[in-house]
Amino acid sequence: MEFVELIKTPKVDGVILHRPFQSPLDGTLCITGHHLILSTRVEHHEELWLLHRNIDCIERRFDANRGAIVIKCKNLQILRLDIPGQEEALNIADSIETLSTLEDISLWYPFYFRPRQFDILEDGWQAFNVESELTRLISHADHSWRISHVNKDFTVCPTYPETVAVPKSVTDELLLASASFRDGGRFPVLSYYHGDNGAVIMRSSQPLVGTTGRRCKEDERVLNASLRPGKKGYIIDTRSPNLIQMAKNRGGGCEPEVNYSQWKRVHRPVERHTALQESLCKLVDACNDSRASMDKWLSRLESSNWLGHVKDILTCACLTAQCVDKEGASVLVHGGEGIDSTLQVTALSQVILDPDCRTVRGFEALVEREWIQAGHPFNDRCGKSAYSPARSRYEAPAFLLFLDSVWQVYQQFPCSFEFSTQFLIVLFEHAYASQFGTFLCNSECDKRKLNLQRRAVSLWSWVNRPEVLQNYLNPLYEPNKSVIWPSVAPQSLELWSELYLRWTQDNSILDETNKQILCIKEHNKELRTKVVRIRRQLMDLQKDAIEKGLLAAGNHGNTETASEAYSSSAS
Amino acid sequence: MMTLLNTVTDTVSSTVDKLFFVHHGCYDGLKNLQKKVENVRLVDRLGARKPSCGTIYLTNTHLVFADEEQKHESWILHMHISSMERLQLTTAGFPLYIQCKTFQCITVLIPREKDCQEVHAILEKYSRAMRLEDLYAFTYQPSCDAFYQVAGWALYDTQTEYLRMEFPEKHWCISLINKNYEICDTYPKCVAVPRSATTPLLVGSSKFRSHGRLPVLCYYYKHNQATIMRCSQPLSGFSAHCLEDEQLLHCIRKTNPTHSSAPLCIVDTRPAVNSAVCRVTVTGSENANIYSDFKFVFLSIENIHVMRDSLHKLVEVCELREPSVEEFLAALQSSGWLKHIKSIVDTSAFIATTVGDEGVSVLVQCSDGGDIAAQVCSLASLLLDPFYRTLQGFMILVEKEWLSFGHKFTDRCGYLQGDQKETSPIFTQFIEAVWQVMQQFPCAFQFNERFLLAVHDHAFSCQFGTFIGNCEKDRVDLRLSERTYSLWGYLLKHMGEFINPLYRREDSQLGVLRPVSNPQNIKFWRGMYMRFEGWVHPKESVMERLCIMKDQSSSLEDHIKLVAKRVTSVKNLIGSKTYTNSCVKANSMTDSAFSSMSALSEDATINDVMSAPTYMTRSLQPAVNKADSLSPTNDGRSRSEDYESGIDSLQISTNTIASSGGENNHITVEQMLLELDSVAVEWKSVRKARSCSCAMQFEHFTRKYHCWRCGRIYCGRCVDKQIHLPGHESQRTVPVCRSCCKKVLCMSV
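Residue numbers (our numbering), protein chains in the order written: chain A, 20 to 590; chain B, 173 to 921.
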């Protein structure tokens with residue numbers, strides 16, 4: 020297909036762009052296969068480059084001889100284009116609409132994007148290789164866990180990667196049997212190994228118990244093999260008993276205690292799917308209404324219940340982390356399919372437990388391992404954002420909710436993360452629309468089919484370049500080796516204004532503040548280096564002077580203090 | 173023991189858990205001890221912390237709860253208690269529920285009913301005075317020597333402040349018409365009025381206005397000559413209109429020559445309905461027909477009773493036990509508190525932009541002119557003038573708009589026994605409104621959140637005379653400036669605690685702040701209302717880290733200057749001596765000195781290169797040894813080791829540098845080493861700091877202090893000494909811990 024066919028009017032002059040807090044921009048609008056470009060045609064003047072994929076929906080507001088198009092983006096920005104000439108406006112609106120909703124993934128920008136501004140220093144596709152990541156994870160586990168290739172060519176579970184970590188004593192045959200008993204073949208696999216005490220987090224999908232109460236002894240053996248001697252395990256189900264009952268009627272369910280006697284089941288309901296999407300829409304609507312009264316805002320914030328969902332996820336993750344860290348127990352987390360709330364919980368509990376996950380590389384690895392390779396269907400979930408009226412039932416801001424929860428933990432431990440909160444926003448934006456292939460497709464298997472690694476660039480290849488990464492570092496980072504326990508009280512939760520209010524208020528003051536913080540930090544660092552250097556210089560000079568006999572090293576009267584100073588500053 | 177108690181009360185948030193008596197072991201020596209009850213359990217507001225068991229000591233100023241086992245201590249100033257309730261008997265004892273004006277809420281469980289009754293009675297007696305003269309301020313004596321009674325009282329002077337605003341004498345003058353408080357007893361002696369307004373005009377206008385509070389100048393904006401004025405509501409019912417008042421307003425309008433055609437903007441903060449009702453009854457707004465040159469704007473802010481109820485509800489929100497997000501937000505909404513805060517911020521922002529951007533003068537009128545007018549006039553001035561965003565400027569602002577213009581602190585804050593209908597959190601709201609603006613402009617304020625909390629708490633504490641009384645006249649009559657201490661003096665003395673590390677003077681000069689009025693930007697201030705629930709707060713504070721970094725930077729900068737100077741003088745020494753070729757032949761003693769010296773320097777070099785931190789941790793070692801060594805033998809050994817390591821070679825005759833600079837003629841090597849030793853390069857991270865060496869636990873709001881010499885962390889009480897460090901170029905004094913203090917002082921002798 021040629022994009023040209025879809026672009027009836029490729030270029031219009033005299034288009035005016037309106038954005039909040041910025042003066043209108045007057046220029047020429049161009050539509051290309053992947054971008055909407057507005058250029059003032061003046062050198063060094065800003066240009067707007069908007070990826071079509073970033074457009075969530077558009078609204079047409081036409082009158083006699085000019086048309087206004089309101090563009091609502093997936094990153095929550097809202098723009099307005101005033102286009103002279105009704106026909107042009109109509110054509111442009113049509114093109115944008117078609118181009119932003121192309122079904123065929125291989126027509127999307129990542130397949131066309133070739134980085135010209137940078138060479139690839141380190142290939143992001145290889146940076147977090149499943150096998151090496153898992154090997155690293157179980158390396159502390161004194162051989163009680165192993166890598167299994169049972170899912171080679173994605174034959175056992177299409178949403179798992181080819182390589183998974185399982186208990187050492189479990190054979191691939193057992194895994195096959197267990198997979199047949201689990202929804203979508205997602206048998207229990209290792210998610211996290213807690214080096215401090217050897218407890219683990221595992222994840223899976225629901226067991227296919229059904230109304231008849233099916234049983235799978237192999238599945239039980241797989242789970243029991245992960246238990247530490249003499250310890251009970253916890254099964255944390257992210258669904259309410261009601262939902263489980265409904266799932267049973269459709270062939271799913273949960274582990275009955277009779278068969279899983281060594282496990283204690285806990286329910287921590289977490290909202291999912293459509294409800295989440297609606298919650299986000301309500302939240303964003305409320306945030307965009309900057310003229311609302313205080314009462315109205317608070318009631319809308321309340322009725323969106325977004326923060327309630329954040330609290331649920333945090334609570335569940337804290338519980339998981341507690342079982343692991345405080346009780347040293349193994350935990351299995353699952354919900355229904357094990358690709359949404361399960362991942363939120365396992366990933367977030369690792370942020371709480373594992374200091375590595377709070378570094379840039381560690382967090383990237385976490386996103387790769389617990390979201391992308393774990394089969395979170397980004398393509399289905401992030402197809403539309405908060406504005407589009409046309410939503411499928413697969414849309415859900417599960418990943419955004421996870422990022423929001425991380426942000427909440429970040430607020431409470433602002434010096435324990437190597438990256439800045441801006442980094443989380445970058446991940447949010449790229450999950451919804453990107454020139455990179457990282458968040459494309461629903462699973463590793465799909466990626467393989469499209470040969471994505473060859474045809475597109477990884478987000479990590481770009482973001483890990485030192486000159487890019489330096490913009491996303493936290494100046495106040497001070498590595499924190501301990502487990503960080505966030506408060507989940509409503510009083511402690513805040514609205515992520517940097518994200519949700521990003522386009523409705525002026526953020527220049529925030530930038531200034533960040534600059535100021537960086538400035539203080541840099542100044543401090545500089546002085547610390549300088550003081551060491553100059554002290555050394557003085558020492559050398561003294562030595563020199565004494566050598567030349569110009570300076571005596573001490574006197575009788577004050578020897579004690581001198582020696583003290585001597586040994587302390589020079590030893 | 174008296175001094176100890178005073179140390180406590182000195183610490184700003186005087187209700188806060190602090191000051192551990194573990195060294196001293198006895199509380200019985202507390203001054204004016206009234207009662208002691210043992211085996212009391214203390215439960216905090218939400219029962220989050222495990223109840224601690226300890227002893228209650230009641231003095232005539234404080235309630236002290238001490239749990240020596242858990243090393244936990246709570247101090248509550250009686251004046252801070254807002255209400256008490258004896259709850260139903262439980263198995264653990266007789267509960268007494270205490271709510272404070274600082275939003276601390278505790279329940280104490282007392283084993284015996286009689287004790288509970290007595291405690292209740294004592295607290296009842298001391299939490300509200302019968303007469304103003306009985307308030308704490310009249311007996312308070314600070315412990316620290318350098319805090320003088322006169323400090324802070326002279327901070328504000330009406331004339332100086334008006335001159336600072338640079339108002340033109342041509343249009344404005346300071347009138348002494350009220351010098352004996354005869355025109356208006358709640359106004360200050362000096363008021364600024366238009367020069368063209370004659371005395372009869374002023375007198376006439378004052379008779380027309382409620383409580384005689386005629387329109388006077390609050391703030392003059394020198395960039396465009398527009399002004400903010402304030403007054404109370406007119407008594408329109410008396411006469412249909414008042415010629416003098418009308419003329420006075422015309423005079424005011426004409427003081428703004430650049431916008432002589434623009435109408436004077438009259439901001440009426442009473443709800444429109446309310447003011448219509450007022451007109452029908454006795455008082456009301458100026459009749460718009462008569463005052464045709466004036467533009468009326470109604471920006472309603474609720475009255476003091478609504479505000480009081482709203483705060484009660486807000487406190488209830490904070491007391492919800494494990495609420496869901498929905499419950500919390502619903503309760504927050506129904507309290508209406510944030511709505512009221514927003515209306516204050518919005519009105520003030522409107523005034524600031526009208527004055528600052530449009531150049532139109534604004535007259536603010538509310539019912540009595542002492543509450544809402546104080547809030548919006550002061551906040552608007554703060555938005556307009558960067559000076560009021562500094563520490564001193566803020567104090568002057570409070571002095572001017574709140575104290576001199578007669579905000580009734582005694583009534584509103586409920587200092588005295590009797591009817592509590594007059595209490596209202598008007599000042600609390602102002603403090604919060606400033607905080608809300610601070611959230612939007614983190615770099616524009618010289619002071620920090622801690623400062624706002626301190627000012628807020630002391631408006632209720634009555635520890636200082638500053639807020640006592642209802643107006644300037646009261647304070648003069650009570651001779652407060654002679655008999656009591658000033659809060660401002662105290663705060664300025666502890667300025668270091670209150671500085672915002674992000675403050676940038678050049679930024680703040682940019683002028684008018686324009687806070688965004690989105691409801692999304694008005695936030696629940698948990699730092700105020702849930703201050704004592706440590707677990708809801710961030711576990712790491714960015715501001716704290718920044719403060720420490722700035723302090724450390726400032727210490728290092730100072731140190732680098734000195735070292736640079738030494739480098740120059742040693743260089744000069746080498747240079748000049750070599751040049752004159754008068755090199756002294758090194759004797760055998762210096763030889764040995766040299767060999768050990770060179771070894772040491774090499775050592776240092778290697779360490780430096782390897783890592784700066786290691787270098788410093790090592791250099792801290794001796795200090796640590798000294799401080800921590802409990803047995804004298806240990807101490808002695810470490811010293812003797814020092815001797816062995818190099819002392820022998822150091823014992824040589826005094827040979828001093830003849831520095832070319834002239835001033836440091838006698839610098840010896842060991843002096844230089846001493847200088848290096850006296851400044852810590854690396855400071856301990858606050859992350860792991862859970863308690864001070866005195867065993868006091870750090871709470872989330874506890875200010876942690878670094879000793880500038882050894883770099884370790886202490887509580888405020890253990891770093892109470894400020895001395896000059898030999899390693900600093902400047903002569904200023906800096907905080908050091910006690911052992912470092914001793915060390916430095918004994919060396920410099």
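Calculated directly from the structure, the hints in this document are not laboratory data. On a predicted model such as this, the values are computed, not experimentally measured, just so you know. Heads up, the beta-carbon is just placed ideally off N, CA and C, and yes, glycines get one too. Incorrect hints may appear among the rest.
Selected chain A positions facing chain B (Cβ under 7 Å, derived; list incomplete) [stated by the list, open to error]: (1) R247; (2) G249; (3) S309; (4) D314; (5) W316; (6) Q431; (7) P498; (8) V502; (9) S506; (10) H542; (11) R554.
Hint check results:
1. For R247 (chain A), the interface hint is violated, the least distance from its beta-carbon to any beta-carbon of chain B being 29 Å, above 7 Å.
2. Restraint check, G249 (chain A) versus chain B: the minimum CB separation of about 29 Å is more than 7 Å; hint violated.
3. Look at S309 (chain A): its Cβ gets to within about 4 Å of chain B, closer than 7 Å, so that hint holds up.
4. The closest approach between the C-beta of D314 (chain A) and any C-beta of chain B is roughly 6 Å, which is under the 7 Å cut-off, so the hint is satisfied.
5. With a cut of 7 Å, the hint placing W316 (chain A) at the interface with chain B holds, because the nearest CB-to-CB distance is about 4 Å.
6. For Q431 (chain A), the suggested interface contact is upheld, since its CB lies about 5 Å from the closest CB of chain B, less than 7 Å.
7. About 10 Å separates the beta-carbon of P498 (chain A) from the nearest beta-carbon of chain B, more than 7 Å, and the hint is not met.
8. The closest approach between the C-beta of V502 (chain A) and any C-beta of chain B is roughly 12 Å, which is over the 7 Å cut-off, so the hint fails.
9. Below 7 Å, beta-carbon pairs count as interface contacts, and S506 (chain A) has one with chain B at about 5 Å; its hint therefore holds.
10. Satisfaction of the interface hint for H542 (chain A) is found here, the shortest Cβ-Cβ separation to chain B being roughly 6 Å, below the 7 Å cut-off.
11. At a threshold of 7 Å, the smallest CB-CB gap from R554 (chain A) to chain B is about 6 Å, leaving the interface hint in force.
In this structure, the earlier hints numbered 1, 2, 7 and 8 are contradicted, and the remaining ones agree with it.
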